[in-house]
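A.B. asks: Using the sequences and the accompanying hints, generate a full structural model.
According to the UniProt record's numbering, the sequence shown is numbered sequentially starting from 1.
Worth flagging that the hints you see were computed from the coordinates, not collected in a lab.
Some hints here could point you the wrong way.
To be verified - Cut-off 25 Å, straight-line C-alpha distance, at most; resulting in silico cross-link-like pairs (SDA-like, lysine to any residue):
(1) K102 / T140
(2) K232 / F282
(3) K97 / T144
(4) K102 / F142
(5) K102 / E261
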Amino acid sequence: MFESLIYLVVGLVLLIFAADKFVLGAASTAKHMGVSTMLVGLIIVGFGTSAPEMVVSAIASFKGNSGLALGNAVGSNITNIALVLGTGLLIVPMSIKSQTIKREMPILLLVTLLVLFLLMDLKLSFSDGMIMIISMLVVTGFLTVIGIKGDHDEFSDEIEAEFDLDISLKKAVILLIFGILVLPVASQLMVIGATDIAAEFGVSDMVIGLTIVALGTSLPELAATVASALKKEHDLAIGNIVGSNMFNLLGVIGISGLIREYEFTAHFIQYDYFYMLVLTVFLFLASVYFVLKDQFISRVIGVILVLLYITYMVWLYVSKSI
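C.D. replies: Written as structure tokens, this is what we have:
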């Protein structure tokens with residue numbers, strides 16, 4: 001048990017460190033190649049913050065632990081909305097000014113419904129994964145084109161202010177390669193530790209993915225959101241959550257489906273996925289309300305979200321005897 005915990009913790013620390021360097025290297029390399037700030041920003045807040053979930057889920061699927069992969073993606077989305085954004089709102093009320101983030105909100109809801117439709121047969125198939133990956137590329141391309149053609153956007157300003165992308169190309173490539181090499185190793189350690197702990201407690205890989213692994217891989221989002229909230233970079237804070245959740249659904253689950261098909265019980269859809277859907281709808285409606293009112297999303301919403309996260313964890317403990 002102690003050895004498994006060491007694997008999990010060491011893997012998690014390495015994962016977060018390597019993901020941070022990978023994102024910086026990828027974004028800086030892209031900027032050196034002339035890629036727009038808008039696309040670089042979407043890479044950072046989307047693929048970048050979802051890199052831990054993506055690599056962990058891919059390794060888990062390769063090892064035959066697809067339940068952990070699927071649980072990690074959905075559990076991370078629940079954690080991102082309820083705990084991460086809730087914590088950010090407790091620190092400071094936030095407003096949404098960026099047109100990019102306003103566009104992403106309804107897209108996230110549509111993506112959540114699309115993935116639900118694909119998983120209604122209680123199976124994650126290769127074709128499901130292919131549809132998700134193609135959808136991810138389409139969404140990213142759409143947001144980039146609209147963002148470039150649109151008016152000045154606060155999101156791009158906050159990206160440039162937050163991230164130092166002016167490092168040399170050589171250093172950027174070194175960081176990128178470092179991330180590519182270390183991420184799989186860290187994920188392997190984390191998957192070994194997580195699956196051993198699941199066996200020790202007598203619970204499924206999916207439950208561990210929904211809880212311990214999801215919380216661990218969401219730590220970069222938590223750190224980024226809290227830091228952005230303190231700096232009053234509200235669009236970046238909320239964009240971290242929305243972008244990460246879209247990539248978790250389309251990229252993380254999609255890649256898992258391409259690697260290995262997986263069948264699961266109706267319980268996962270009826271409870272875990274449904275809970276994530278309810279949180280997504282709540283976030284969407286709250287955002288629409290406060291944007292139309294031209295007001296800050298209040299701390300009350302933050303309290304509600306954190307309480308919803310605690311409720312979900314308690315429910316998992318009671319229903320699945322963690």
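A.B. asks: Take the hints in turn and mark each one as holding or not.
C.D. replies: Checked hints:
Pair hint K102 plus T140 holds up; C-alpha atoms about 15 Å apart against a cutoff of 25 Å. Proximity of K232 to F282 is assessed by CA-CA distance (about 23 Å); at most 25 Å being required, the pair is judged to hold. At roughly 17 Å between alpha-carbon atoms, K97 and T144 fall within 25 Å of each other, so this suggested pair holds. Simply put, K102 and F142 have alpha-carbon atoms about 14 Å apart, close enough for the 25 Å limit, and the pair holds.
Straight-line distance between C-alpha atoms of K102 and E261 comes to about 34 Å, which puts the hinted pair past the 25 Å bound.
Violated hints amount to a single one, hint 5; each of the other numbered hints is respected by the structure.
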